[in-house]
Amino acid sequence: MQKRIVITGGPSTGKTSLIEEMQNAGYFCYPEVIRQMTHRAKSIGELTDYGTNPIASVSNPLDFNTKILSARLSHFEEARDQSEAVIFFDRGMPDVLAYMDYYDQPTPDDFSSIVKKNRYDQVFLLPMWQDIFVKDGERFESYQDALKISECLHNTYRDFDYDVIEVPKSSVAERIAFILKNLK
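Take any residue in the sequence shown, note its place counting from 1, add 2, and you have its number in this note's numbering.
In case anyone wonders, no lab produced these hints; they're calculated from the structure.
All residues carry an ideal CB built from backbone N, CA and C; glycine is no exception.
Any given hint might turn out to be false.
What the hints assert, rightly or not - Once the Cα atoms are required to be at most 20 angstroms apart in a straight line, the calculated DMTMM-like pairs of lysine to aspartate or glutamate come out as:
1) K186 to D123
2) K69 to D112
3) K119 to E168
4) K150 to D103
5) K5 to D103
6) K183 to E168
Said to hold, decoys possible - Ranges of calculated distance between the beta carbons of each label pair, as one might list FRET restraints:
7) N26 to S61: 34 to 40 angstroms
8) S61 to P110: 16 to 22 angstroms
9) P110 to E80: 19 to 25 angstroms
10) D111 to N62: 17 to 23 angstroms
11) R82 to G28: 16 to 22 angstroms
12) S173 to Y105: 17 to 23 angstroms
13) A87 to S61: 16 to 22 angstroms
14) S19 to K119: 28 to 34 angstroms
15) S173 to R82: 31 to 37 angstroms
16) D111 to E86: 31 to 37 angstroms
From just these sequences and the hints, can you work out the full model?
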């Protein structure tokens, strides 16, 4: 039986580094979709503010969130066709709702229905870690904002009845070992 595992956490918690290292080790991983979407939104002039997350600054946030949710749902559905026993996702569908909550955006009922219908098997949350926190061209939040986003992520997954497992602050290799050891 295949397991779908989400790696989530606030901005700049090491998710991308962890996912890339897992891929290098031979694990099947779906990448984060929002970085690609942010880059595209910048290139076509769709972003209205380079000082905040594109979810809040694109000209049509609901459309942007719909695209993120659709891309993550596509990854979830594509995973069924993979032969690997364990598949990792850099963020999951509930992340969309958590960010919408943080930015005080209304959540359409169909978003919640999609999240309820398409459940992951496990969720690992990388906690905020100020020592590795950086802002970059697709990551706009302050550390304080990122802390609040992390809390929204944890609460959203919990609201959808997930048991969220917090990954210790340690090296990428140690974090991977922790996740693999704690797979159900």
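Against the structure, the hints come out as follows:
1. K186 to D123: The given pair, whose Cα atoms are some 8 angstroms apart, holds under the 20 angstroms limit.
2. K69 to D112: holds (13 angstroms)
3. K119 to E168: violated (24 angstroms)
4. K150 to D103: holds (10 angstroms)
5. K5 to D103: violated (28 angstroms)
6. K183 to E168: Distance of about 13 angstroms is within 20 angstroms: holds.
7. N26 to S61: 34 to 40 angstroms: holds (37 angstroms)
8. S61 to P110: 16 to 22 angstroms: holds (18 angstroms)
9. P110 to E80: 19 to 25 angstroms: The hint (19 to 25 angstroms, Cβ to Cβ) holds, given that P110 and E80 are roughly 23 angstroms apart.
10. D111 to N62: 17 to 23 angstroms: holds (19 angstroms)
11. R82 to G28: 16 to 22 angstroms: holds (20 angstroms)
12. S173 to Y105: 17 to 23 angstroms: violated (32 angstroms)
13. A87 to S61: 16 to 22 angstroms: Violated, since A87 and S61 (Cβ atoms, about 42 angstroms apart) do not stay within the stated range.
14. S19 to K119: 28 to 34 angstroms: Because 31 angstroms falls inside the window, the suggested range holds.
15. S173 to R82: 31 to 37 angstroms: Since S173 and R82 have Cβ atoms about 33 angstroms apart, the given range 31 to 37 angstroms holds.
16. D111 to E86: 31 to 37 angstroms: Since the Cβ atoms of D111 and E86 sit about 33 angstroms apart, the hinted range of 31 to 37 angstroms holds.
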